[in-house]
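Sequences and hints are given; from them, build the entire structure.
Residue-level listing of the chains:
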Amino acid sequence: MSTWTLTRRDLLRAAAVAGVGAAGLGGIEVVHRMTTEPRAAGKTVGAVRRVASMCQMCTTACGIIANVKDGRLLTIEGNPADPNSRGAVCAKGVAGPSILYDPSRLLYPLRRVGRRGEGRWRRITWDEAYTEIADRLRAIRESGRPEEFAFQQGRNRSTDIVARFLDAFGTPSAFNHRALCSLNRRAAILTTIGDSDWDLGDYENSRYILNFGSNWAEAHQGHIPVATRMMRARERGAKIVTFDARLSNTAALSDEWYAVRPGTDGLIALAISNVICQEGLWDREWFDRWTNYPAEKYAEHVRAYTPEMAQAESGVPAEAIRRIAREFAGATPRCTTICNRGSAAHRNGFHNDRAITVLNALVGNMGEEGGWCWHPMSAWDKKALPEPGPIAPKPTARSLIAEAKDWPLANAWQSNKMRVGEIVYLWIKQRRQRISALMTYNCDQAWAWPEANLVREVLADEDLVPFHVCLDVMASETSNLADIILPWTTYLERWDIDSRPPQGLVDYVGLRQPVVPPLGESKDLREIFPELARRIGGGMEHYFPWATQEEYFEQYFAPVPGGFGHMREAGVHVDPAKKPNYLPYEKELTAEELEGTRTEDGVIHGPDGAIGVMVDGTARRGFGTPSRKVEVHSQFVNDRGREADRTISPLPVYEPIPGHREQLAQGRLIMISFKWNVHNAHRTLQSKWLQEISHTNPAWLNPATASGLGLAHGDWIEVTSYRPIDPEVPRGDGSQLGSLRTRVHLTEGIHPQVIAIAHNAGRTTGGPVASNGRDRAVLVGHEPPDHGRVWWAGSLSVAQNDILPIYPDPVSGQQAYHDTMVTVRRIEGGA
Amino acid sequence: MNGDVIMLMSRLVSTEIDAPLREALGCPEPLEDLSAEFCRLFVGPRPVCPPYASVRRGEPMIGGRAERRLKEFAARHGLDVVVPPGFAVLALDHLGVELALLHHLSPGPVAEELLDDHVRPWALGYLRSLEESARLEPYASAARWCREEIT
Ligand code: SF4
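Protein chains in written order, with this note's numbering: chain A, 3 to 833; chain B, 17 to 167.
Among the hints, erroneous ones may be present.
Just some of the chain B residues that point at chain A, by a computed CB distance under 7 Å [to be verified]:
hint : residue
1    : S26
2    : L41
3    : P44
4    : C55
5    : V59
6    : P66
7    : G74
8    : P76
9    : G79
10   : R85
11   : G94
12   : L95
13   : D96
14   : V113
15   : W161
Hints listed in this document are in silico derivations from the structure and should not be mistaken for laboratory results. Glycine included, C-beta positions come from ideal geometry on N, C-alpha and C.
Written out as structure tokens, the structure is:
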């Protein structure tokens with residue numbers, strides 16, 4: 003505090019001089035309402051309005067109904083009209099109001115005062131913010147190097163407006179988090195069937211489900227739609243078998259759970275395939291007709307993967323593998339696999355998911371009712387509902403980071419750009435690509451990224467990132483390192499056209515609409531980007547001709563019967579004429595479709611590429627692969643690998659994680675991460691309702707492992723991580739990376755060679771709710787009245803991401819989240 | 017009760033000190049530092065003293081029960097408040113709003129009702145916290161004097 007003190011006399015004089023008492027300086031005014039009689043106390047005023055919209059507490063985008071009274075959101079429930087979620091919502095969805103009205107929300111544009119990261123801010127007007135940002139961006143655009151403006155997104159459900167702005171600007175430096183999420187799974191499915199990058203097993207109609215490391219009951223991109231169908235199937239007698247290193251709630255809801263060593267899911271699938279081939283349980287006819295590889299040869303290929311070998315590597319008993327193979331094949335075609343990060347987020351995840359996908363081809367359940375299905379549309383029907391023009395052309399500038407050419411499968415598919423998110427800040431640090439301005443959107447890379455401390459180091463360096471704008475709902479480790487913070491609306495205060503891969507196998511479209519007006523001065527991208535485009539000028543403004551967001555969506559939804567009005571009412575639209583996407587490959591091509599085509603090696607080519615395949619003398623649609631068949635053998639990936647000097651086996655194989663065997667033999671453990679059912683990365687940690695349910699993350703250890711290390715339940719430990727020993731991985735020299743201190747949670751529900759830590763914790767900022775009281779800003783001087791506010795303050799909450807090495811799968815770039823080797827030692831006395 | 021102290025406090029917690037008010041107060045601090053202090057205390061990121069009854073009382077959401085009760089009070093007495101643009105006021109349980117109402121109603125039994133039922137239960141403790149937490153003078157002293165006025 004300065005030495006100047008204000009006396010009461012000064013203050014009174016000032017008040018009189020300035021006339022604050024008479025509102026001379028402009029103050030809050032109180033007026034009498036022209037009501038004839040005062041209202042009675044306690045009476046409800048107005049009725050509850052029910053507004054259909056879409057959740058975005060996670061990426062599943064379930065349909066919701068918001069109950070709003072007097073302009074305030076009271077509760078959220080599911081929208082039964084939504085064909086994916088069918089009226090169900092999870093705990094996160096219900097907790098929406100606690101995010102909307104979170105006392106720590108960012109609600110005003112702020113500019114930093116002092117050094118970046120110092121934590122001093124002042125409010126600025128939107129006009130000031132627009133002017134400064136537009137001036138910066140215009141200079142970059144006019145320099146002829148538009149790629150120096152980088153956009154870092156986390157979950158983006160406003161893809162239309164984001165792409166529109168970045169394309170109009172001309173920057174290809176759009177960084178997403180796909181490599182931190184689902185890259186390997188998508189790459190494996192695209193390689194194998196071509197039609198889609200997302201399998202949508204017909205779980206509800208299935209009788210046998212093999213789950214390789216998908217935690218659909220708690221997380222998963224299709225969380226509620228999948229979980230509700232799984233449970234319905236189980237009610238009808240279906241069997242669910244889960245392979246997972248950890249007894250997740252999904253595993254607990256399964257009929258059988260096997261604790262597998264991380265990175266061996268593909269081997270289990272190959273061993274199951276082997277049993278199916280050896281015992282003739284396969285649908286050989288289907289395999290020979292619909293895949294590009296003879297069944298006999300595949301049987302030969304998988305012969306080496308014996309159940310005994312799988313037992314030795316994974317821990318799943320050989321006899322169980324044999325029995326499961328028989329049961330799975332016996333249930334065909336009403337059987338399916340599901341996989342996700344447990345199988346895919348590994349150094350060998352691409353092949354794991356390839357092996358799992360091909361297992362379905364072996365029993366001929368692909369596209370069958372109750373079988374392994376998919377839909378060609380991962381969103382709404384973009385032909386029926388095209389984006390309103392004018393559409394900006396794609397950028398011609400190049401971005402070294404976005405192209406990530408070291409990883410041959412990351413961007414191998416034109417339609418599906420998968421950026422290698424975990425290397426972005428390493429490459430900026432190494433000055434491989436110059437960044438003059440960075441805009442972070444709904445992303446907390448400074449907390450959520452592997453080696454998050456490296457991200458923080460880069461964001462703090464004004465030479466590496468000269469200008470950083472952060473657009474988010476919450477204060478975060480990342481917004482702390484911004485120059486300008488723009489307060490973003492929550493999903494309850496903004497518009498989107500949205501839909502997810504349809505679990506019911508019929509595409510649909512949904513509307514996210516504001517259920518209440520934006521709080522404070524928050525704004526959405528849909529308002530910010532058009533204004534920035536107008537101010538940057540140079541033709542950008544041409545792509546934003548709509549006066550209002552409503553006008554844009556009126557145009558967008560015009561093809562829907564009842565148009566925008568119907569969407570606002572119902573929140574969702576499904577074309578009743580459309581049928582589930584069963585057996586799409588069987589569809590016979592019409593004479594019209596065949597006109598002007600030529601057939602080469604059985605593949606039917608139209609003017610724009612292959613459109614079908616001859617099968618037993620009939621022209622059929624087939625699959626979206628180069629051979630129009632299920633590509634058990636993929637020349638495409640093999641070729642892409644060769645171009646990048648990497649060997650990618652054209653067949654699914656098991657490649658042990660380099661260095662794991664040796665290090666496990668030395669007593670090191672594999673550290674994995676997981677998500678609780680009430681949390682979703684950094685955003686849900688702001689919710690008091692959700693934090694009250696789950697707010698801590700001790701390390702799960704098997705009692706057998708703990709006793710070998712001399713550890714008891716509750717002991718303090720230090721976990722030290724190491725970089726991979728892998729010449730194909732950046733800095734893969736096996737060196738020590740970092741340590742964290744946590745406590746032991748003993749449970750049989752974990753593989754003995756594994757240590758598991760939930761990654762939904764360890765925030766240091768964002769207020770006391772998010773950080774378990776560590777960020778004490780709000781608590782200062784507030785006790786005792788606020789003591790009960792964060793009753794869990796001080797409970798264990800460790801940041802795992804800082805000690806996770808940047809570890810891209812050399813084939814695809816997928817971050818190998820579950821392959822980190824660690825040592826564990828007992829320490830005295832805590833953190 | 018001194019109405020000037022109440023209204024000055026109402027303004028100080030609602031928006032930044034601008035040039036005329038800084039001059040009237042004879043405050044030597046640069047405007048930018050005063051603005052940064054306003055953000056640190058009331059707006060955030062991570063405000064030290066969010067001036068809302070709901071937050072102070074540990075409700076998980078801004079507004080909430082405290083705002084609902086105040087709205088009912090205002091409706092019962094046929095009162096409305098007009099918040100000037102640019103003021104950092106998100107809900108009616110904001111101290112600035114309560115003090116403006118108090119100033120408008122004082123003296124009288126309705127002001128006493130407002131004080132007893134809505135203001136004192138949280139604002140006395142809040143103003144003490146603000147006095148302790150403020151790093152720049154106008155906020156610390158104004159909080160102390162305002163507390164003395166409403167005690
Ligand atoms: S699954 Fe995701 S989208 Fe659906 S209700 Fe839960 S948080 Fe919302």
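Each hint, compared with the structure:
1. This hint holds: S26/B has a C-beta 6 Å from the nearest C-beta of chain A, less than the 7 Å allowed.
2. Contact between L41/B and chain A, as hinted, is supported at the beta carbon level, the nearest pair being about 5 Å apart and thus within 7 Å.
3. The beta carbon of P44/B is positioned within 7 Å of a beta carbon in chain A (closest approach about 5 Å), and the interface hint is therefore held.
4. Annotation: C55/B was flagged as interfacial toward chain A, and the flag holds, the nearest CB pair being 5 Å apart, inside 7 Å.
5. Because the smallest distance between the Cβ of V59/B and any Cβ of chain A comes to about 6 Å, under 7 Å, the interface hint for this residue holds.
6. Because the closest C-beta pair between P66/B and chain A is about 5 Å apart, less than 7 Å, the hint holds.
7. Of the supplied interface hints, the one on G74/B holds, with its beta-carbon coming within about 4 Å of a beta-carbon of chain A, less than 7 Å.
8. Taken as an interface hint, P76/B checks out: its beta carbon lies about 3 Å from the nearest beta carbon of chain A, inside 7 Å.
9. Contact between G79/B and chain A, as hinted, is supported at the beta carbon level, the nearest pair being about 6 Å apart and thus within 7 Å.
10. A cut of 7 Å between beta carbons decides the hint on R85/B: the least distance to chain A is about 9 Å, and the hint is violated.
11. For G94/B, the interface hint holds, the least distance from its beta-carbon to any beta-carbon of chain A being 5 Å, beneath 7 Å.
12. Proximity of L95/B to chain A holds as hinted, the smallest CB-CB distance being about 6 Å (cut-off 7 Å).
13. Hint status for D96/B relative to chain A: holds, with the closest Cβ pair at about 5 Å, below 7 Å.
14. Evaluation of the V113/B hint against chain A yields a held restraint, the C-beta minimum of about 6 Å falling below 7 Å.
15. About 6 Å separates the beta-carbon of W161/B from the nearest beta-carbon of chain A, less than 7 Å, and the hint is met.
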